[in-house]
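What follows is the residue order along each chain.
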Amino acid sequence: MSGLKVGFEFHQQLDTEEKLFCGCPPELREVEDADHSLVRRLHPTESELGEVDRAALEEARRKRVFRYLGFTNSTCLVEEDEEPPRRLNREALDLARQVALLLGSEPVDRVEVMRKIVIDGSNTAGFQRTALVALGGEVDTSEGPVRVETVALEEEAAQRQGREDGFTVFSLDRLGIPLIEVGCAPDIESPGQAREFAERVGTIFRSTGRVKRGIGTIRQDVNISVEGGARVELKGVQELGLVEDYVEREAARQRALLDIRDELDERGVSGSVLEPVDVSGIFERTGSQVIRDALESGGGVYAGVLRGFEGLLGKEVQPGRRFGTELSDRAKTAGVGGILHTDEMPGNGVTREEVESLRDAVSASRRDVVVLVADERDAAMDALDRVGERVREALRGVPGETRRPLPDGNSQYMRPLPGAARMYPETDVPPVEVSRERVGRMRGELPELVPDTVTRFVEEYGLNEEMAKQVARSGYRDLFEAAVTATGVDPVLAVRTILHYPRELGVEVDEGRLFEVMDAVSGGEVAKEAVPGILEELGRGDRAVAEIVEDLGLQGLEEEELREVIREVLRDRRGFVEENGMDAVGPLMGPVMGRVRGSVDGAEVNRVLVDEIKRLLED
Amino acid sequence: MREGSRVRVRRGDRTLEGVVMPSKEEFVVLKLDSGYNVGLKREELHGIEELDTPGEHGVEEEGTGSGERGESREPGEGELSVLSTGGTIASKIDYRTGGVRPGYSAEDLLRAVPELEEVAPINADVVFEKLSENVDPGDWVSLAKRVHGEIEDGAEGVVVTHGTDTMAHTAAALSFMVETPVPVVFTASQRSADRPSSDNVLNAVSAAKFALSDVAEVSVVMHEESSDTTCLAHRGTRVRKMHTSRRDAFRSPNARPLARVGEDVEVLVDEHVRRGEVELTLRDDLNVDVGLVKFYPGMPTEVLEPFFERFDGLVIEGTGLGHVSSDLVSTVREGVASGVTVVMTSQCIHGRVCDRVYETGRDMLDAGVVEGEDMLPGTALVKLMWLLPRADGGKLRRLIKTPLRGELSRRSRSDLF
Numbered sequence: 001m002s003g004l005k006v007g008f009e010f011h012q013q014l015d016t017e018e019k020l021f022c023g024c025p026p027e028l029r030e031v032e033d034a035d036h037s038l039v040r041r042l043h044p045t046e047s048e049l050g051e052v053d054r055a056a057l058e059e060a061r062r063k064r065v066f067r068y069l070g071f072t073n074s075t076c077l078v079e080e081d082e083e084p085p086r087r088l089n090r091e092a093l094d095l096a097r098q099v100a101l102l103l104g105s106e107p108v109d110r111v112e113v114m115r116k117i118v119i120d121g122s123n124t125a126g127f128q129r130t131a132l133v134a135l136g137g138e139v140d141t142s143e144g145p146v147r148v149e150t151v152a153l154e155e156e157a158a159q160r161q162g163r164e165d166g167f168t169v170f171s172l173d174r175l176g177i178p179l180i181e182v183g184c185a186p187d188i189e190s191p192g193q194a195r196e197f198a199e200r201v202g203t204i205f206r207s208t209g210r211v212k213r214g215i216g217t218i219r220q221d222v223n224i225s226v227e228g229g230a231r232v233e234l235k236g237v238q239e240l241g242l243v244e245d246y247v248e249r250e251a252a253r254q255r256a257l258l259d260i261r262d263e264l265d266e267r268g269v270s271g272s273v274l275e276p277v278d279v280s281g282i283f284e285r286t287g288s289q290v291i292r293d294a295l296e297s298g299g300g301v302y303a304g305v306l307r308g309f310e311g312l313l314g315k316e317v318q319p320g321r322r323f324g325t326e327l328s329d330r331a332k333t334a335g336v337g338g339i340l341h342t343d344e345m346p347g348n349g350v351t352r353e354e355v356e357s358l359r360d361a362v363s364a365s366r367r368d369v370v371v372l373v374a375d376e377r378d379a380a381m382d383a384l385d386r387v388g389e390r391v392r393e394a395l396r397g398v399p400g401e402t403r404r405p406l407p408d409g410n411s412q413y414m415r416p417l418p419g420a421a422r423m424y425p426e427t428d429v430p431p432v433e434v435s436r437e438r439v440g441r442m443r444g445e446l447p448e449l450v451p452d453t454v455t456r457f458v459e460e461y462g463l464n465e466e467m468a469k470q471v472a473r474s475g476y477r478d479l480f481e482a483a484v485t486a487t488g489v490d491p492v493l494a495v496r497t498i499l500h501y502p503r504e505l506g507v508e509v510d511e512g513r514l515f516e517v518m519d520a521v522s523g524g525e526v527a528k529e530a531v532p533g534i535l536e537e538l539g540r541g542d543r544a545v546a547e548i549v550e551d552l553g554l555q556g557l558e559e560e561e562l563r564e565v566i567r568e569v570l571r572d573r574r575g576f577v578e579e580n581g582m583d584a585v586g587p588l589m590g591p592v593m594g595r596v597r598g599s600v601d602g603a604e605v606n607r608v609l610v611d612e613i614k615r616l617l618e619d
Numbered sequence: 001m002r003e004g005s006r007v008r009v010r011r012g013d014r015t016l017e018g019v020v021m022p023s024k025e026e027f028v029v030l031k032l033d034s035g036y037n038v039g040l041k042r043e044e045l046h047g048i049e050e051l052d053t054p055g056e057h058g059v060e061e062e063g064t065g066s067g068e069r070g071e072s073r074e075p076g077e078g079e080l081s082v083l084s085t086g087g088t089i090a091s092k093i094d095y096r097t098g099g100v101r102p103g104y105s106a107e108d109l110l111r112a113v114p115e116l117e118e119v120a121p122i123n124a125d126v127v128f129e130k131l132s133e134n135v136d137p138g139d140w141v142s143l144a145k146r147v148h149g150e151i152e153d154g155a156e157g158v159v160v161t162h163g164t165d166t167m168a169h170t171a172a173a174l175s176f177m178v179e180t181p182v183p184v185v186f187t188a189s190q191r192s193a194d195r196p197s198s199d200n201v202l203n204a205v206s207a208a209k210f211a212l213s214d215v216a217e218v219s220v221v222m223h224e225e226s227s228d229t230t231c232l233a234h235r236g237t238r239v240r241k242m243h244t245s246r247r248d249a250f251r252s253p254n255a256r257p258l259a260r261v262g263e264d265v266e267v268l269v270d271e272h273v274r275r276g277e278v279e280l281t282l283r284d285d286l287n288v289d290v291g292l293v294k295f296y297p298g299m300p301t302e303v304l305e306p307f308f309e310r311f312d313g314l315v316i317e318g319t320g321l322g323h324v325s326s327d328l329v330s331t332v333r334e335g336v337a338s339g340v341t342v343v344m345t346s347q348c349i350h351g352r353v354c355d356r357v358y359e360t361g362r363d364m365l366d367a368g369v370v371e372g373e374d375m376l377p378g379t380a381l382v383k384l385m386w387l388l389p390r391a392d393g394g395k396l397r398r399l400i401k402t403p404l405r406g407e408l409s410r411r412s413r414s415d416l417f
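Here the protein sequences line up with chains P and H, keeping their order. 1 is the number of the first residue of the first sequence in my numbering; add one for each residue after it. 1 is the number of the first residue of the second sequence in my numbering; add one for each residue after it.
So here's chain P without its partners, still in its complex pose (with noise of 0.2 Å):
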């Protein structure tokens, strides 16, 4: 695609011990744990330029009031904006100089924190807290390298908890979150080398070991732009998979602006002003419903005319989503439930005879569309103010501006673009230093990359390709390796232990019991079938592996009392034993492991039993 332009900005949570600025863990919670609330609102303010935020501003104007629910035990006064943050994470710092060392990005020498004002509730104190870390950078990709502008360390927003009596309802818990913002430059010209490159990033995001997983913790906005249009942000764009889709079907948006741009310049439309007009009398004895439920509740019904825009309200912009969703979209922001209009009336329970009154009291000929809205006045205005700044926009071609991706691949308007003018120094925290010698030695002792980890754990450790880049993926790769370097137990049974045993029986093991499960095994004093008794005995409760071997009567045998279990076995079992020779070893493995239960490893009884049956046959 020609003149296509697609750039990334990569947010990942990092999981750090203490969140961002306060000392709360950055944890999730339920929102049904919330034990208070607060209700607050916005106002936007002028920045250390004296400009106000276009951005900023138009929220101002929804006037919404919020409320945050908190968790006494995992969010604290900095959350609330009740309390001066307190300095910037240094374990998050290091990460983030890591993650932008790794994209051969070069650390600035001072990192200042700065406020990005952010009205629309998800930050209580009515901006995100922010800081550029390192500039510049690039990642390869098959279809050609894309430079890496920026690599940025910021908090966590709140958590949208949808709209309740009136708030806007967050939840607190979020917040505060480390995260790593990567921007590239907009060098990305397929959808393909997109999906690509944001594989790269967040391989090198999982290198460092230290980053949350799951669903939201990994989150991109995707900027988009066609030649002749203009940059639109995608925020929060999950799935990668829908990446391509995204961009295609923005692509085919701003094209289709484009059309419609082309199209009201040959039909000489220009400058057309909506004049909102009361129509609410035409409506009276409506069959619509949208209009007789806004009648009822003491609204009224307002009507502007687009002059020229006959037929072009209907033009598809993405699959299902036309020209006057987009109107729609923006008169929503003023609180209303959307638009009506004559390119799609009559229709919806519009009679013939009313879309006529209706022109005729607007004086709007067959060329012109009739916009509708039905709502309490003020905001029935407003709305139609705002669908007149979008029409305007039409004129010129594409609105730089915010937009929410949808589930299907389409998106919706959310706010205009922020500006700089929504940055200002954070002042109450200071700035860092760092020493040239300090990148220096981080330089040294960077993480190895995910894909050469797989590769060496596949070579030094005989893993199979699957299970290493299991563990090459998890957080516990060094784990994994202390373990099996110093104590020696089998990298397989290492995996199993770390990995595939605690997701099975959905348990959490600290990684400390982890490694002295491992080391009692290649110690020899339980035997690896003893492992998920043992791991799901930590799941209960955290206590000494040795504690446990102990209560659940796992210590391995010595050789003679093994042989005297077996023996015993083998008396009451004297005549099968006799009838089927060695074949009798394997039937009789299972009721011999019953007695020892995972005290001793399978291949000594099996060898201990082989000896044993022999010398009673012998006999």
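Among the clues, some could well be false.
[Unchecked claim] Just the calculated beta-carbon pair ranges, DEER-fashion:
1) P:R87 <-> H:E309: 37 to 45 Å
2) H:G47 <-> P:E508: 28 to 36 Å
3) H:R2 <-> P:R377: 50 to 58 Å
Hints in this document: simulated from the structure, not taken from any laboratory. For each residue, glycine too, the CB sits at the ideal point set by N, CA and C.
Add chain H to chain P, keeping to what the hints say.
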């Protein structure tokens, strides 16, 4: 590289463009087009080109926007006077220090809180610009004179914006110095005005509403809770900042707040001075030679002694019911004998001083200490400064224990703790 100029620099093999922000020492702070500031080592920047000159980006020069004082006009009918004294309700980012500093003119406050003018016509002016930790009794006097002047000129009510740290002291001082027929309302913000979440809007609007009310007293209006829902109006002599950072930091430990301010004003006390009830009077002479000292375990006599040498009056924040260690009793006794008026308050903050229960207390009374009843230590300090020029001997001791501006009460209500 000049501050405010747009430059292009080379750093390693990269070229960067941005506006030079106030920078110090070996770092240059550059504001990139993305809005981010980055700190770069000066010595590693090469090929510096200045692309244009300061000012073209709207970077304000130091000092602008704050010099609009002195041009006050007389308040008209039904107008509120808004007097600014500094603090974070009217603050601005300082490029040089990177910190928040007071510096908004009163007009700037109106621009930050346009809702104020929906409450009433506003006549705004700056009295002084100070962080409240720097406000001293001399400032109380100039503010008192100014408030008196505004009321004399016909203001319907007066709103004073102030830093939070010592706002309660200033409010207490004005309570004694100005007898007012209209409300005089202090307000502030705990979260600075440069953030969208600042509490300045609700506080300022609520203060303005209360300044139009019938409660003609000196008060402090601040958030009732952490939420932006309602504010409480506290009596100026009863209010104390009880939290370092929360929006609802201001409380009245030993009294009920005067009123709750939401959409409307809901008066919460049985008695208060009504609009027009008293005649406007200014009594602004103070004896600033009064000290406040907090007793602590093991406090040596030589730490306490200089207070008696230096001051004419001393407020002690004693332990519990109002005690200092037995070792200090003789120091106190000698101090009182030398002519220093000593008022005992409690570091418990809540509750009333009673030096008749324990022996040390009785020693205190015997030494000539006056019980400060349920007065806040800060209020006792201000009251003593104000009383010293007006009374002495038995009259002074009696007035200390007499409620003059609602600063103490005869009854300790059971619902206040």
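Now for the hints, and whether the structure bears them out:
1. For the pair R87 (chain P) and E309 (chain H), the beta carbons lie near 44 Å from each other, so the given range of 37 to 45 Å is met.
2. At about 55 Å, the CB distance of G47 (chain H) to E508 (chain P) disagrees with the hint of 28 to 36 Å.
3. The hinted window of 50 to 58 Å between R2 (chain H) and R377 (chain P) holds, with their beta carbons roughly 53 Å apart.
The structure shown violates just one earlier hint, number 2.
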